[in-house]
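Protein chains: 6
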Amino acid sequence: MRILLINPNISQSVSDLIGAEARRAASAATRIEVVTAPLGVAYIETRFEALIGAYAAANLAAEHEANFDALVIAAFGDPGIAGIREAVDVPVVGLTEAALMSACLLGGRFSIIAISRRITAWYRECVQVNGLIDRLASIRCLDQPLRDIGAIQGDHETRLRELCLRAVEEDGADVIVLAGAPLAGLARSIRKDIPVPLVDGVSSAVRHAETLIALAPGRASRGSYAPPPTKPNQGLSPAVQALLERRRP
Amino acid sequence: MRILLINPNISQSVSDLIGAEARRAASAATRIEVVTAPLGVAYIETRFEALIGAYAAANLAAEHEANFDALVIAAFGDPGIAGIREAVDVPVVGLTEAALMSACLLGGRFSIIAISRRITAWYRECVQVNGLIDRLASIRCLDQPLRDIGAIQGDHETRLRELCLRAVEEDGADVIVLAGAPLAGLARSIRKDIPVPLVDGVSSAVRHAETLIALAPGRASRGSYAPPPTKPNQGLSPAVQALLERRRP
Amino acid sequence: MRILLINPNISQSVSDLIGAEARRAASAATRIEVVTAPLGVAYIETRFEALIGAYAAANLAAEHEANFDALVIAAFGDPGIAGIREAVDVPVVGLTEAALMSACLLGGRFSIIAISRRITAWYRECVQVNGLIDRLASIRCLDQPLRDIGAIQGDHETRLRELCLRAVEEDGADVIVLAGAPLAGLARSIRKDIPVPLVDGVSSAVRHAETLIALAPGRASRGSYAPPPTKPNQGLSPAVQALLERRRP
Amino acid sequence: MRILLINPNISQSVSDLIGAEARRAASAATRIEVVTAPLGVAYIETRFEALIGAYAAANLAAEHEANFDALVIAAFGDPGIAGIREAVDVPVVGLTEAALMSACLLGGRFSIIAISRRITAWYRECVQVNGLIDRLASIRCLDQPLRDIGAIQGDHETRLRELCLRAVEEDGADVIVLAGAPLAGLARSIRKDIPVPLVDGVSSAVRHAETLIALAPGRASRGSYAPPPTKPNQGLSPAVQALLERRRP
Amino acid sequence: MRILLINPNISQSVSDLIGAEARRAASAATRIEVVTAPLGVAYIETRFEALIGAYAAANLAAEHEANFDALVIAAFGDPGIAGIREAVDVPVVGLTEAALMSACLLGGRFSIIAISRRITAWYRECVQVNGLIDRLASIRCLDQPLRDIGAIQGDHETRLRELCLRAVEEDGADVIVLAGAPLAGLARSIRKDIPVPLVDGVSSAVRHAETLIALAPGRASRGSYAPPPTKPNQGLSPAVQALLERRRP
Amino acid sequence: MRILLINPNISQSVSDLIGAEARRAASAATRIEVVTAPLGVAYIETRFEALIGAYAAANLAAEHEANFDALVIAAFGDPGIAGIREAVDVPVVGLTEAALMSACLLGGRFSIIAISRRITAWYRECVQVNGLIDRLASIRCLDQPLRDIGAIQGDHETRLRELCLRAVEEDGADVIVLAGAPLAGLARSIRKDIPVPLVDGVSSAVRHAETLIALAPGRASRGSYAPPPTKPNQGLSPAVQALLERRRP
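Chains as they are written, first to last, in the working numbering: chain A, 1 to 249; chain B, 250 to 498; chain C, 499 to 747; chain D, 748 to 996; chain E, 997 to 1245; chain F, 1246 to 1494.
Fair warning: there could be bad hints in the mix.
EDC-like, lysine to aspartate or glutamate: derived pairs with alpha carbons at most 20 Å apart [as the list claims (entries may be wrong)]:
#, chain 1, residue 1, chain 2, residue 2
1, A, 231, A, 143
2, F, 1476, E, 1139
3, A, 231, A, 245
4, D, 939, E, 1139
5, A, 192, F, 1416
6, D, 978, C, 653
7, C, 729, D, 890
8, A, 231, B, 392
9, F, 1476, E, 1144
10, B, 441, C, 587
11, F, 1476, E, 1151
12, C, 690, B, 392
13, E, 1227, E, 1085
14, B, 480, A, 148
Simulated DEER-style distance windows between Cβ atoms [stated by the list, open to error]:
#, chain 1, residue 1, chain 2, residue 2, range
15, B, 404, F, 1265, 37 to 47 Å
16, A, 230, F, 1334, 45 to 55 Å
17, A, 235, F, 1379, 31 to 41 Å
18, C, 642, B, 483, 46 to 56 Å
19, F, 1482, E, 1144, 19 to 29 Å
20, D, 776, E, 1157, 25 to 35 Å
21, D, 908, E, 1141, 54 to 64 Å
22, B, 420, A, 230, 29 to 39 Å
23, F, 1379, E, 1144, 38 to 48 Å
24, C, 668, D, 776, 53 to 63 Å
25, F, 1477, E, 1167, 49 to 59 Å
26, A, 23, F, 1491, 54 to 64 Å
27, D, 917, B, 415, 17 to 27 Å
28, D, 892, F, 1379, 36 to 46 Å
Keep in mind that the hints were calculated from the coordinates and are not lab data.
By construction, the Cβ of each residue, glycine as well, lies at the ideal position given by its N, Cα and C atoms.
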């Protein structure tokens, strides 16, 4: 199996974290690759940045899908996921939805630990879009400036553990989701100290992508996830244009 | 007042419909302009096309906001609305949210009349994102190929009237929303034959934009609609880059 | 345009606040009038008082509607709004629904600032009836005896500002609604100190009423907002009786 | 126990139906009385009529509560129930809420059978206000002119049975609620022909009122169902005025 | 009337509390009996224990239903209620649903007071299953080890009163539900000190059971509460087997 | 990896279907075993049967968990899942929740195809308990007597295909879930004829179980999924007793 993780942001250091955790999580036979967005911002914490990340991810998905068995949108919030799922021919999994599905198989209500206060409103909306707001116990967040997006785990580990514990004690979380690609892999190191299951988006997404490849459930040719109907377009990248104009059986 | 309507699609014929209805609806002192997206598709009916439209709209918003008192995202589904609202300094109104708010002031439950079956799933999600799904009586749609996106009103008027009547009789609609920029202005001509209030997105959006300008409620400098925090970026249009790097008081 | 604001309470001092803010908010060509309920209480903070206010408002609406292009029910909680909307021939707007619709066009989640603790349960129910409970961040309230209903703004301004700030900081409000006719106009004076958009019910209602007049969406003759079917009645005021027995085309 | 049923409408024939069913349902030791509203309409099927009925019911409640151990608001839709519950010192039960509570103890989802199409929108809102919309399977209704409000049971029995059966077969109803005071007692005669439990509002309300008297759960002196705080009032009936100005321990 | 209360737990001391409160609450003519589960745990506070309690209750219901006019599942959380309701021929009432229905007739939102922290997650799920989560103000709980399940009322009365008061003051509860069979009867002794109505599950269930017997709404022979269709089975108790194989008219 | 599938019913023929599909779906290195309940019914379609199945599954889980890395509750509706998840030390996955999670990764809204009308009410409740009711497009079902529970796929294939197509065309399903262990494996044979992704519970559950084993998210020692606190018990199977009395670190 070949899985491409698309970092919709421009941070190579975060792509490295993503790739490392993805490889740790993948089955032996799976080949993992990561691409980094050529346009966008360092990391997404607003709806505007997510909108840009969605466009960047869509372009990368169009460019690369032919060479992979599944795609992972490798930013929490899953920018562009629903649209990209419509357009490409392989399964697409997002970090948020993957983490939420794992969490739902492990307990009743989950809390999300986020890397900034600003990002929490958008995360809440993502949970709502996934239809799971009734299972959200809380979103807790770091509330300090982030010196280096690739070094959050080291810089803030104590505070992150503490947020997990408070979510369990005060908010009734049965499961904790560590949110955001910059936290990829953290679950492995702090898991033994947290008294409930700990879910990581990258490893969940890679495993769920493998599952969708294996289950081979089929591609929508009808309904709202069928490929977009062909119609006039202009000004798009060659890859997106090709995707929209592809003739399907 | 100067209001810019942003057509996130490439269809000049639809921009013309939008502009005409906007001018009919605006107060005498309001100056209306319309811009058409230089990139994208003819009209949006899928999540993927909405994602592209959002990016196109964001770029146009960044480029033009300094010259206007309010912006209108002039496609049903409001592609990019929440992100653009964060980023620019003037009020931003979308066709869907404007129509829904008008509908809510006119009755209890509303139905939406759409121009294609494919588009209905996305419209339903838009109503849900606006938090108003409990007031949605139904979405009914044309189910024929669209010969010419600028000529739907003429080509399908009989069927559109019929959909309105069935929404009232069978679905319990108290109000009807005619959805989609290609239907801009239709409400004026069929209103007298429909036994419940009929809402048009363009005229609602223009009027609500005027209201927000007049009320001058202030710009968010805190919370999740404050401008995105400054951080490294690359590959963006000069206007978007300037928006993200603007120094705010 | 002629708009009548109906104060469903007996407080002339509150009617004066309402009228002053309504005139500040209205377009130049709009004529504003205010009537005060001849029966009822000083201000509504319970469901029982709202029930009385609804009856008072219905009688005033029946009496005056023929002379106006739109009516505003000028108490937060919109006593009687849905019933009055069914019965009269012109648009009817309530302070709460108007404020909520404005808030929804300005951000994701809103908080409401109320003038007493007792009133908050009823406000919460009003948000729920409007179908917008998922967008309610919090309701915060004054918790002191009210010396003079017409002088709350002066007596409690510091505390009211503080409640706004806490709603933003602690509850995640993107927008603040100042609730209750006794706070009419306060937004203008404190707006610059509050870091999110501030919405006032009276000015929102006046502007939305103007919009509904301008859009002229039509009157329901079918569905659940059509005029009540004629049937035997007794003991009603002449105006209400006339309304119920009016022959419609 | 003394229970007063308040008919918020002016129809003596409906009061007679209510009284007869109430006496059949009550325990031997319970004394039943019925009062008919001196003002209002023949029967409520709109929000406007409910608003008037609420006011009429409130006045009757204020006038009579001192002589009874519990009150029943004897119209479906429970006009004024929440407000009256705040104001008087004895338990108050509405036909709708009583029927819904009985239905919830008998199965998962219920359907409501109503006497006119117009009334269904308001019933749906009542279910929503009771927080039970997720358990509503459907509302089905008569769709014929009503010759005589006191004779619906005889005039339409065949059709009413048919609506019950269709709710079970097509809508998945586990329980049927026969809605509206004019149907009081019908359940007794058709019960054996309907394949799911059949709930009548009047008998449910009388029994639940007896239960609340027996349980003696106490009267709210705090929270949102405490009596309204005393404040200036004018123009009210002597009974309502006395209620609002009563000194409580 | 003969009502059987089924304690799905093995604690005789709790059965004694249940029986005493049931007899205090029942009408004079009602005969109350209590059975204690022969298998299970001392008291239920987890989903696993509830699963066992449901099985124990089902067996007892099958064994005894022929001799009673109604059954009460006498543990909070109502283990097995929906399944048992399908299978037996008499009305079945659970402590939780009975308490919630009483609470809904007394005010808008209720709080639940529970005997351990662990139990609260399951109680929350029970409220959700009953479709009433929007009316839940809060769940508050004892947070101390329980020395003796039959003596909680005496051991923790001060703290229980305090939890009630905080639910009113801080959570906006209009009504308090004292949850759990071990608290049966407590409401009678502390009622006068709590400023909102106080609901007890056992007395509510007994009274509602009497009401269902009196209303005689009929037994489902269609729909999802009809008796389970006959099919092969094995390994069940003779009583359950007989229930499943009974021939119905 | 060793995964045990627990058939909570007594049908060996269904266990065979389950085992066959599980082995087709599992990774090469995974060892699959299936156990059949020694007590219960042929297949579950009511809440009462689910209650019995839950007890049977709990006993089998207690007996076997020590020898496996994960358990699958192999009946749609997941009888006992939440309780068993609390009690055992390995991950537990149910057919319904596994299928729903797969479906959520493949599209927006899903329909469920069920084997009998009676079963649909319970399935709907299962979707609700999983918090995903807003993503349920419809439940469609066979409506014929089932000759042989192990032969439904052959007997009813044409009708099952037809139900899938109608869910897509009429209900707006983006994904179809084939529900019930008796349909295990059907997706493989009809997939190519259905125009949207088709999800099978058994293969989804096996794959998700493998994922949870691989992710090793940790076991809850706090919160509502920690093992039940130790307390007196009696009458339980030795395995369940041992589980409840196990000393944990």
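How the hints compare with the structure:
1. A/231 - A/143: violated, 46 Å
2. F/1476 - E/1139: holds, 17 Å
3. A/231 - A/245: At roughly 8 Å apart (the allowed maximum being 20 Å), residue 245 of chain A and residue 231 of chain A satisfy the hint.
4. D/939 - E/1139: Violated, at about 51 Å.
5. A/192 - F/1416: violated, 46 Å
6. D/978 - C/653: Given that 20 Å is the threshold and the Cα spacing comes to 18 Å, the pair holds.
7. C/729 - D/890: holds, 17 Å
8. A/231 - B/392: holds, 17 Å
9. F/1476 - E/1144: holds, 11 Å
10. B/441 - C/587: Status holds; Cα separation ~15 Å.
11. F/1476 - E/1151: holds, 18 Å
12. C/690 - B/392: violated, 51 Å
13. E/1227 - E/1085: Judged against 20 Å, a Cα distance of about 19 Å means the pair holds.
14. B/480 - A/148: Given that 20 Å is the threshold and the Cα spacing comes to 11 Å, the pair holds.
15. B/404 - F/1265: 37 to 47 Å: Violated, since residue 404 of chain B and residue 1265 of chain F (Cβ atoms, about 54 Å apart) do not stay within the stated range.
16. A/230 - F/1334: 45 to 55 Å: With a Cβ separation near 54 Å, residue 230 of chain A and residue 1334 of chain F satisfy 45 to 55 Å, so the hint holds.
17. A/235 - F/1379: 31 to 41 Å: Holds, at about 36 Å.
18. C/642 - B/483: 46 to 56 Å: Check passed, 54 Å falls within 46 to 56 Å.
19. F/1482 - E/1144: 19 to 29 Å: holds, 27 Å
20. D/776 - E/1157: 25 to 35 Å: Since the Cβ atoms of residue 776 of chain D and residue 1157 of chain E sit about 34 Å apart, the hinted range of 25 to 35 Å holds.
21. D/908 - E/1141: 54 to 64 Å: The hinted range 54 to 64 Å holds for residue 908 of chain D and residue 1141 of chain E, with Cβ atoms some 58 Å apart.
22. B/420 - A/230: 29 to 39 Å: Holds - the Cβ-Cβ distance for residue 420 of chain B and residue 230 of chain A, about 32 Å, lies within 29 to 39 Å.
23. F/1379 - E/1144: 38 to 48 Å: holds, 45 Å
24. C/668 - D/776: 53 to 63 Å: With a Cβ separation near 54 Å, residue 668 of chain C and residue 776 of chain D satisfy 53 to 63 Å, so the hint holds.
25. F/1477 - E/1167: 49 to 59 Å: For residue 1477 of chain F and residue 1167 of chain E the Cβ distance comes to about 33 Å; the hint is violated.
26. A/23 - F/1491: 54 to 64 Å: With Cβ atoms ~37 Å apart, the hint is violated.
27. D/917 - B/415: 17 to 27 Å: holds, 19 Å
28. D/892 - F/1379: 36 to 46 Å: Taking Cβ atoms as reference, residue 892 of chain D and residue 1379 of chain F lie about 39 Å apart, which means the hint holds.
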